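Enquirer: These are the residues of each chain, in order.
2 protein chains.
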Amino acid sequence: MALPSLLTPPPVPVELYVTNRQKLLNSFRQHLSDSSRPLQGIVLLQGGDERTRYDTDHLELFRQESYFAYLFGVIEPGFYGAIDIASGKSILFAPKLPPDYAAWSGEIKPLSYFKVVYAVLHKLYPELEKPLLFLLRGLNTDSNNYAVPANFEGIDTFVTDLNTLHPILTECRVFKSELELALIQFANDISSEAHVQVMRNVKVGMKEYQLESLFLHHTYMYGGCRHCSYTCICATGDNSAVLHYGHAAAPNDRTLEDGDIALFDMGAEYQFYGSDITCSFPVNGKFTSDQSLIYNAVLKAHDAVILVMKPGINWVEMHKLAEKIILESLIEGSVLVGDVMDMMAARLGAVFMPHGLGHFLGIDTHDPGGFLQGLGRPEEPGLSSLRTVRDLKEGMVITVEPGCYFIDALLDPALKNSKTSKFFNVEAVNKFRGSGGVRIESDLLVTANGCRNMTNCPRETWEIEAVMAGSPWPIVSKSISI
Amino acid sequence: MALPSLLTPPPVPVELYVTNRQKLLNSFRQHLSDSSRPLQGIVLLQGGDERTRYDTDHLELFRQESYFAYLFGVIEPGFYGAIDIASGKSILFAPKLPPDYAAWSGEIKPLSYFKVVYAVLHKLYPELEKPLLFLLRGLNTDSNNYAVPANFEGIDTFVTDLNTLHPILTECRVFKSELELALIQFANDISSEAHVQVMRNVKVGMKEYQLESLFLHHTYMYGGCRHCSYTCICATGDNSAVLHYGHAAAPNDRTLEDGDIALFDMGAEYQFYGSDITCSFPVNGKFTSDQSLIYNAVLKAHDAVILVMKPGINWVEMHKLAEKIILESLIEGSVLVGDVMDMMAARLGAVFMPHGLGHFLGIDTHDPGGFLQGLGRPEEPGLSSLRTVRDLKEGMVITVEPGCYFIDALLDPALKNSKTSKFFNVEAVNKFRGSGGVRIESDLLVTANGCRNMTNCPRETWEIEAVMAGSPWPIVSKSISI
Numbered sequence: 001m002a003l004p005s006l007l008t009p010p011p012v013p014v015e016l017y018v019t020n021r022q023k024l025l026n027s028f029r030q031h032l033s034d035s036s037r038p039l040q041g042i043v044l045l046q047g048g049d050e051r052t053r054y055d056t057d058h059l060e061l062f063r064q065e066s067y068f069a070y071l072f073g074v075i076e077p078g079f080y081g082a083i084d085i086a087s088g089k090s091i092l093f094a095p096k097l098p099p100d101y102a103a104w105s106g107e108i109k110p111l112s113y114f115k116v117v118y119a120v121l122h123k124l125y126p127e128l129e130k131p132l133l134f135l136l137r138g139l140n141t142d143s144n145n146y147a148v149p150a151n152f153e154g155i156d157t158f159v160t161d162l163n164t165l166h167p168i169l170t171e172c173r174v175f176k177s178e179l180e181l182a183l184i185q186f187a188n189d190i191s192s193e194a195h196v197q198v199m200r201n202v203k204v205g206m207k208e209y210q211l212e213s214l215f216l217h218h219t220y221m222y223g224g225c226r227h228c229s230y231t232c233i234c235a236t237g238d239n240s241a242v243l244h245y246g247h248a249a250a251p252n253d254r255t256l257e258d259g260d261i262a263l264f265d266m267g268a269e270y271q272f273y274g275s276d277i278t279c280s281f282p283v284n285g286k287f288t289s290d291q292s293l294i295y296n297a298v299l300k301a302h303d304a305v306i307l308v309m310k311p312g313i314n315w316v317e318m319h320k321l322a323e324k325i326i327l328e329s330l331i332e333g334s335v336l337v338g339d340v341m342d343m344m345a346a347r348l349g350a351v352f353m354p355h356g357l358g359h360f361l362g363i364d365t366h367d368p369g370g371f372l373q374g375l376g377r378p379e380e381p382g383l384s385s386l387r388t389v390r391d392l393k394e395g396m397v398i399t400v401e402p403g404c405y406f407i408d409a410l411l412d413p414a415l416k417n418s419k420t421s422k423f424f425n426v427e428a429v430n431k432f433r434g435s436g437g438v439r440i441e442s443d444l445l446v447t448a449n450g451c452r453n454m455t456n457c458p459r460e461t462w463e464i465e466a467v468m469a470g471s472p473w474p475i476v477s478k479s480i481s482i
Numbered sequence: 001m002a003l004p005s006l007l008t009p010p011p012v013p014v015e016l017y018v019t020n021r022q023k024l025l026n027s028f029r030q031h032l033s034d035s036s037r038p039l040q041g042i043v044l045l046q047g048g049d050e051r052t053r054y055d056t057d058h059l060e061l062f063r064q065e066s067y068f069a070y071l072f073g074v075i076e077p078g079f080y081g082a083i084d085i086a087s088g089k090s091i092l093f094a095p096k097l098p099p100d101y102a103a104w105s106g107e108i109k110p111l112s113y114f115k116v117v118y119a120v121l122h123k124l125y126p127e128l129e130k131p132l133l134f135l136l137r138g139l140n141t142d143s144n145n146y147a148v149p150a151n152f153e154g155i156d157t158f159v160t161d162l163n164t165l166h167p168i169l170t171e172c173r174v175f176k177s178e179l180e181l182a183l184i185q186f187a188n189d190i191s192s193e194a195h196v197q198v199m200r201n202v203k204v205g206m207k208e209y210q211l212e213s214l215f216l217h218h219t220y221m222y223g224g225c226r227h228c229s230y231t232c233i234c235a236t237g238d239n240s241a242v243l244h245y246g247h248a249a250a251p252n253d254r255t256l257e258d259g260d261i262a263l264f265d266m267g268a269e270y271q272f273y274g275s276d277i278t279c280s281f282p283v284n285g286k287f288t289s290d291q292s293l294i295y296n297a298v299l300k301a302h303d304a305v306i307l308v309m310k311p312g313i314n315w316v317e318m319h320k321l322a323e324k325i326i327l328e329s330l331i332e333g334s335v336l337v338g339d340v341m342d343m344m345a346a347r348l349g350a351v352f353m354p355h356g357l358g359h360f361l362g363i364d365t366h367d368p369g370g371f372l373q374g375l376g377r378p379e380e381p382g383l384s385s386l387r388t389v390r391d392l393k394e395g396m397v398i399t400v401e402p403g404c405y406f407i408d409a410l411l412d413p414a415l416k417n418s419k420t421s422k423f424f425n426v427e428a429v430n431k432f433r434g435s436g437g438v439r440i441e442s443d444l445l446v447t448a449n450g451c452r453n454m455t456n457c458p459r460e461t462w463e464i465e466a467v468m469a470g471s472p473w474p475i476v477s478k479s480i481s482i
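Here the protein sequences come in this chain order: A and B. Just so you know, we're using the UniProt record's numbering here: the first sequence kicks off at 1 and counts up by one. Just so you know, we're using the UniProt record's numbering here: the second sequence kicks off at 1 and counts up by one.
Only chain A is shown next, with the shape it has when bound in the complex (with noise of 0.2 Å):
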């Protein structure tokens, strides 16, 4: 029988967080040093703290705040952290538990143990009384909310300066280092490991959330993965065209029927850093010519964006090449009439794909740094939904996820509209809906000279059914010559 996985969970270095805070160290350093600033003052970032539920005691399972995490990798909540400019020292500051922690929730850790566990220093120097303090306040610009600076009892009587920090701190998140990407790439494993053992076990009548429990077993048995990325969307049939179905109004509770496509986005975990992965197939093990024609347009888009990505490349004009191959294809299956350059004009392919191209990936699912200061986002249908508009560069970790769905609620009005409704072969787009949609998404890591996948599922429509007919993955060549 074959083995459930063939990964082990890695440990993770505390060098991990000392790098992370030496690249902010660094960064910090030379900002204000061109700024012509004293290189001194107190970077204090405050870590998330543990949340009922509503009025009662149930806790919420802790998962700290994503800064504090790439900056002190710490799991507890209700921490406190600080780097001197000056000096480069670190400071951990814990909680004060009550008496009555130990018998409740255990031992009550000394400070020692977690100045060993995340290597910092634990007592503020004598000199830095009242020091400046770099606070992180900042706009995330997926969810338009604002980081929280660090507050405590006290806190004005000190300077503190809230602009500073975030845009610095931010994009030292954006470039990964060798630590930090063998965790996405664990991730991506055990991940890619989990889909394929997904697809191996769907079958008709069984509901969408049986599949999700499968992955999620997955991850967390052999993988250790105790939180996901995201919520598991497990869409099928009709559901696959809506784009973050499986929240809980839409709790991935439909029944598999024969003829369904599976589009299925779900990506563990492990040790804060995440992993983002879509895979779609038929649930019965077999594309029909109407679903590879929409498979393929989407994996030649996948494909095409991967071969061309490199440092220097335009993130927007890959959504656009994206657009374009997934238009030439519906044009090439009788869907779409017309010149496809007229169609990017008006802006067709947001009726199609109307999410953006991909996202940064790291502790966070969709990673803060997509828009430096005064990088606006674009305002054409499609390019709105862009996560990002930056140049590529080596050591990001973005994901390449086009789609193509048949949504009514953005058919019908371009049907309507007289400067996109002579693109359509109204026939063949009427049998197509109804039918959901397709996506395929990969994390690729930019590298020197272009670009590394880090996800490993089944891609080729014949992999596939292989894989969902039982062969091995990846799929060794049965035609070795001797």
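In short, the hints are calculated from the structure, not lab data. It is possible that some hints are incorrect.
[Stated by the list, open to error] Derived coverage of chain B by chain A (criterion: at least 3 residues anywhere in the stretch with Cβ under 8 Å from a Cβ of chain A; other residues may be distant):
id, stretch
1, 46-57
2, 73-80
3, 137-145
4, 219-233
5, 246-253
[Said to hold, decoys possible] One side only, chain B facing chain A, incomplete, derived with CB under 7 Å:
id, residue
6, Phe62
7, Glu65
8, Gln210
9, Asp364
[What the hints assert, rightly or not] Far from chain B, some chain A residues (derived; all Cβ distances over 10 Å):
id, residue
10, Pro11
11, Asn26
12, Arg37
13, Lys130
14, Phe152
15, Glu171
16, Gly205
17, Asp364
18, Thr420
19, Glu427
In this text, all values refer to a predicted model and were calculated from it rather than measured experimentally. Glycine residues also receive a C-beta, built at the ideal position from the N, C-alpha and C atoms.
With chain A held as given, fit chain B onto it using these hints.
Expert: For chain B alone, kept in the frame of chain A given last:
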């Protein structure tokens, strides 16, 4: 091969919520009538809202607020619900969703959908303009937090009452209907089965979280339970003496060792209604005599309480009964020396069982209503942790969860205290230090004449050893006479 599960998730009839609302209406009208107040006004509750994590757009999986779930059963965020006291009619206010919701999160359901699904009316009656609003505000005695009353733009133009609703609605929740009991029973059935599944798969060398993963998978895959009642406690070895082990700072990450006791406190939630079950067993499948001593002390207490539970019995007395039986067993096992009544007077039981004997269970794991207004919390050690001090009544569901732990933070002061030190056989106690503890927890329904155990797990040491060795559960007697 044995089937992985014999269970199927049952449908949830909307009558469940109709019954809950009718019960509230009856109690509410009775209360108004008793206080000579007019039988009119509107009960208004605000459902829970979806939350993002910190400043990001990471959406936490939504779980409805429990009072709102009790009355309306709505799984979606952003609702308000109202009940007109005079007519008894109910009104649900659906959130106004943004136009792009249809593409991102699914079809915008017409208001008639909610009418059908939740069997409530969706129109305010014209004569109800500016009625008295009864809002939910009151203390949760487990968290010491207050329920937050409904709020909306313009509420200041209404007359509001913040005192009447909370105690009446809370008391409704204390007594479970048949329809509620069916869901609590299913949550118990699937969780009991999952506990057995975990016992069968435990092996020295595994990680604690792998057993958590097995439990979660079994209850979701076969029971459709997406949520647990609380974060799984998968404690082995010394961790079994940490009462709330399993949280983010102690994340079930120990490796199981030969000779360990395991204490697994895990319960699934089915359609809002929970279960709360603890099994303790040796990870290698065979109880040592020391483990048997402690285990049987706890089991004897568990069984004795269940034997005498019935309407009219006071819960504080049940707690003391459990304590007394555990202390007697420890005397019998030569861990303690002296007279058990002297030990009871010195509150020695609280050293070994610092938590309360049990708590109400329902839509919340610690279901509210444990302290009727005016009933105070005892101050003595152990008793001060009780989550209810009430007399039992038919229809209550309450956990029975005696435990016996060897916790240094409690033993050390007791050994130093002249009032308690004389009771200890220090050598024997020290032998048990580091071995952790045992808890056995079942969910009991108080019936007209006694109680019914809704939990069905192996409890006798021989049953546990047999099931861990592969026997089916329930164990079928082999000595059937012809």
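Enquirer: Tell me the numbers of any earlier hints that the structure contravenes, in ascending order.
Expert: 17
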